[in-house]
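Undergrad: Construct the complete structure from the given sequences, taking the supplied hints into account.
Line by line, the protein sequences are chains Z and U. Reminder that position 299 of the first sequence reads as 299 in the working numbering, one-by-one numbering, no gaps. Reminder that position 96 of the second sequence reads as 96 in the working numbering, one-by-one numbering, no gaps.
No lab work stands behind these hints, which were simulated from the structure alone. Yeah, the Cβ is synthetic: ideal placement off N, Cα and C, and Gly gets one too. Every clue listed holds true.
Quick partial rundown of chain U residues pointing at chain Z, CB under 10 Å, derived from the structure:
{"id": "1", "residue": "F78"}
{"id": "2", "residue": "I87"}
{"id": "3", "residue": "S134"}
{"id": "4", "residue": "A148"}
{"id": "5", "residue": "I152"}
{"id": "6", "residue": "M163"}
{"id": "7", "residue": "A164"}
{"id": "8", "residue": "E166"}
{"id": "9", "residue": "A173"}
{"id": "10", "residue": "N183"}
{"id": "11", "residue": "D248"}
{"id": "12", "residue": "N284"}
2 protein chains.
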Amino acid sequence: MSKTCIALDVGGTNIRAAIIDAQGKILQQHSYTAQLSQITGNQQEVEQQVIEHISANIEVLLGQGENIQHVGIGFPGFFDNQQGHLIASPNMPVIHNFDLSGQLSKKMNLTVSAQNDALCAAMGEFHYGVGQSSQSLMHITLGTGVGAGLVIQGQAYGGDRGMAMEFGHLRMAKTGDYCGCGNIACLETFASATAVLRRFNDHSQTSVRTAQEVYQLAKEGDALAKLILSEAGNYLGSAIAEASKLLDIKHISISGGLCGAWDMIYPYLRQSMEAALIPPMRNNIIVQQSSLGDDAGLLGAAALVNR
Amino acid sequence: MSKTCIALDVGGTNIRAAIIDAQGKILQQHSYTAQLSQITGNQQEVEQQVIEHISANIEVLLGQGENIQHVGIGFPGFFDNQQGHLIASPNMPVIHNFDLSGQLSKKMNLTVSAQNDALCAAMGEFHYGVGQSSQSLMHITLGTGVGAGLVIQGQAYGGDRGMAMEFGHLRMAKTGDYCGCGNIACLETFASATAVLRRFNDHSQTSVRTAQEVYQLAKEGDALAKLILSEAGNYLGSAIAEASKLLDIKHISISGGLCGAWDMIYPYLRQSMEAALIPPMRNNIIVQQSSLGDDAGLLGAAALVNR
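TA: Here it is as structure tokens:
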């Protein structure tokens, strides 16, 4: 039986779907706009519409002629580690204990596996990207928020309730901006692409449109842009040090929009990380950009099937 | 073959040794003063003397008539997760990549397992204490320092290099006292029994002799003693929240000298922990005193043999 599969990376505004072979090669892919977080209705209605959106995407690829039996899905939310149910999805609050993979499997007569999207990205990087020769990997995404996933000895680590690696909500300071979670000064209020953009515009009272533009301004010598990127690096390094003191993972990969400013972030990240580590951990942690970039989530969804 | 074993809990000033049956019952025990950190010499000499101290303790118990084949040892330091060697031991800096269990095994013709002492305590609490019905457990000891160990789905978690769960070195503030690790304001500079005592004496310019006396003063209404204990609770709660956001472990047990002040620490711990968690984690983490107290390490060393 072929292990070529269909993989989906479900985001808040976009569903990406691909046919991927057992070696992690993307054979075909398409992207589909779907404002899942805008779906209204009661629990059953919302869950039904999510199934409709996802199955429509699978159908398109099934029509391409390959004899595909397996589907892997990365989806934003907390997955139960016993039954694989989606316990909750922060941007779709009515969803509760949703058997996403079971319902899709029944509807489509396929084997379906689903897991948290950030954890899928970590699995993708571990099996097909920079983590291929590592025993364990922590993977961080600096995008709209700051997401992270942990692979320990090849196994996706979800914690007791699928809520592990809420790395973007580590508390970095006593004061700062409010975070979407309701707390103040979470890492993602400093070190996401969104935060860098918002902080620059707030402090400069301008309307730059992307974090990449903030980076360009920093390259041209803008002191505020440089400060905001250095702070993103500093806080990210401190947060990695705190995570390292608990997890002792010696390989860390980073992807997401803010990696476009890597040369202005990394030196600060490294310096603040090393300073906060315990001495025997120093100069012994690899922190690098991911090699898969935006494909990590898709490939990790495929890894759910192939591992 | 009987799984009754000999277990050792090796500390900086004391070695505890016991005969323990497969159900975790301590049949016999003795305690032996040994200033291991005071041993001088080159690497080979120090390692040889450690072997001598430990084997002498094992011999005493072997002479008690039981037919014992297995020994489990909890020892302070970082253990390699592949070969089980003691990579380093902070208080015995000349030790390096020491095959403690292999050398003892050869010398005594017994099966010997060794693991980090804090991780043994977590294994003891998980298998024989309050963690018996949990899937995973984080165990914290508030003593001379702040130690911690993590058991995930019944498995001792050591990280890539045996350095996981350096929980006492999470950085809690920008300013504070220097920690033994060289950093400033680590959790253990606020929330160990030693720190509570030191902080009280420093600020009151008195010479109270134990953390328990600080607790007594707090009970009698001493404002400084109350503040220092409340700060220990606050920082401990914040640190548990940060660890929870990464690990998502819903059962946490605490032992060690500072538990004697539980009623003055726990309310602050709980409040600061809940405030710093992400909303879906709130009111859903059990934090309790351990049931094994000082025996957790010994029983965890026995669990190395029995699991």
